[in-house]
Amino acid sequence: MNIALVVTLIGAFAVLLTVGAPVALALGGSAMLTVACFFGPTQYLSIPTGMAGATESHVLLAIPFFVLAGTILAESTLSRRLVALAEIVTRRLPGGMGIAMVIAGIFLAGISGSGPADVAILGTIMLPMMLKQGYRRGVASGLTALSGSIGIIVPPSIALIIYGSVTPGVSIERLFLGGVGPGVLMGGLLALTISRLAPRKASGTPTGSEAHGALLPALWKAGWAVLFPFIILGGIYLGIFTPTESAAVAVVYALFVSAVVYRDLNLRTLVHCLADAARITAGVMILVACAALFARILTLEGVAAGVGTWLAETLTNRWVLLLGVNLLVLSAGCFLDAISIFYILVPILLPALTHAGFDPVHLGIIFSVNLAIGQVTPPVGVNLFVSCSLSKAEIGETVRESWPLLAAAVLALVLVNLVPQITLWLPNTMR
Amino acid sequence: MSASASSGTAPDATDSGPDAQPCRDLLAEEWICAALLASMVLLMFTQAMARNVPPIARTALGAWLAHATEVLPSGLTWLTFLGAGAVTRRADLLRIGLVPSRLGACARRRLEIVTWVAWGGFFAALCALGVAATVAQRRQMTSLEWLPQWAVASSIPLGAALVLWRTCQNIRDLRARKSLSATQGEASE
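Chains as they are written, first to last, in the working numbering: chain A, 3 to 433; chain B, 564 to 752.
So that you can see chain A by itself, here it is in the shape it has in the complex:
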């Protein structure tokens, strides 16, 4: 391993990241600088061909399609209908509004696949309702951020598609199924916690007949949204579609629901949805291309193999190894995005972990739960920033008041680590 090369690569990356350069530039620029300094001119052409190769993937093709489906549905009244249904179902429970937010978060995650987008939708619709019911601003803001972060665990998660593309021998179908249990577990723990944190006046509005009377119309109005995840996942697991095809089916379903059923979509909106989805995809894929370039140098120089061997030799106890990996991914998640982390850390950590007997699907979900928590923790919690800007709460206030919710998420992480069946039961059952 060439130490000077590694120092140049990591040093340039850290400097660019710190001065506020785009993450893609930090990854790609540091890799290009390293190739220019340490490799011969014969290697220069590997930069563009490597970047193009990273984007030319059949698995990653699902990303623009799922993003487009999410963009179309976000423009429709679907999210409001979904929230209304969740609110009616949970209104008799203590902390019903908070639980409704968690449920809506899980269903929205099954539609959009993007955490920050879910936070923006939940925050716009439900945060004002929670504040009106007397929830503390920090608690409401923290719950919004955490409910949105479930999107990275529950299918169709873009992060899981990326993990599947960088991990040989792991199917997207198994990853998607593996995310269901941990996503529901995390949602359940958050719901339990928010029912304890809810203000007394928000607890239970026992208007039984009223609630029953409103349930059926709300279910009728939101039924198309509730069906969405089942159609997508059902199509994949009944063998009708591949995951990429299911993403295209998701787009057509979203178009049908928005344009024909709800009549929310016109041609101009559709063109904007297409342009937005294309731009979001380009932003994600440029990051993928640059991260692949960075990871390739780490692999070529033997850094990934070296660190992996060192980890396996030093941390001989598999649970200590898993704890170390969790701490590493959790701290990386506080600074970096999921795509960069998967490209940089998976080649380094996966060989040691699979050698220790861990299932790659289980590991992918463990990584995702860590990253979900990273999205709501300072200094770089994307979801936290979005929810704080919507709720007008200070970041410190949110972290201080919503720590029990964060603790519930960490408990979910611990359980997912210690009980692999939470992740693997569904993929193994539906094999």
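Mixed in with the good hints, there may be bad ones.
As the list claims (entries may be wrong) - A partial selection of chain B residues facing chain A, derived with a Cβ cut-off under 7 Å:
{"no.": "1", "residue": "Leu639"}
{"no.": "2", "residue": "Ile659"}
{"no.": "3", "residue": "Trp682"}
{"no.": "4", "residue": "Gly693"}
Hint data in this document are derived by calculation from the structure and do not stem from the laboratory.
We put the CB at the ideal spot given by N, CA and C, even for glycine.
Here the structure of chain A is known, so what remains is to put chain B in place on it, guided by the hints.
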């Protein structure tokens, strides 16, 4: 500190709902990428349906669809590099600005110009390398055997050149904003 910083150098289509935005606000590359994405969805959906209807799957149309779908990953490469121009112009890039948030407005703008220059430099190098890669691969075919490699590789120099142009526009706008604020300052004095 911000995880997703945007310098606001161009009108942002996502700021308000599409109904408030006429389609003419879209950039040229956004139109192309939107059309490309729509075609990709259509092709993939038709293939998914045709594969499940045996009478169609067995026809020449079914064979053509299966063949055409193979080219979609190359479409994703084009979407990535063409869309990068729009991402640049809309300043829709993921950043982790730990230092900029601690700087004054003037220093922050200078640092932003420096990072845009670095971004442009990266894509200028990528453009030059992309031209060389396209030329080197002009006689090669992709694994599909009917699609030349240059048809995929040429997306890199074209996209990178577009990003370079959009970066120059962003830097120009940032400099114009500085001179505008200086003029306003003089006028108020």
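Taking the hints in turn, this is what the structure says about them:
no. : hint   : in the structure
1   : Leu639 : holds (6 Å)
2   : Ile659 : holds (5 Å)
3   : Trp682 : holds (5 Å)
4   : Gly693 : holds (5 Å)
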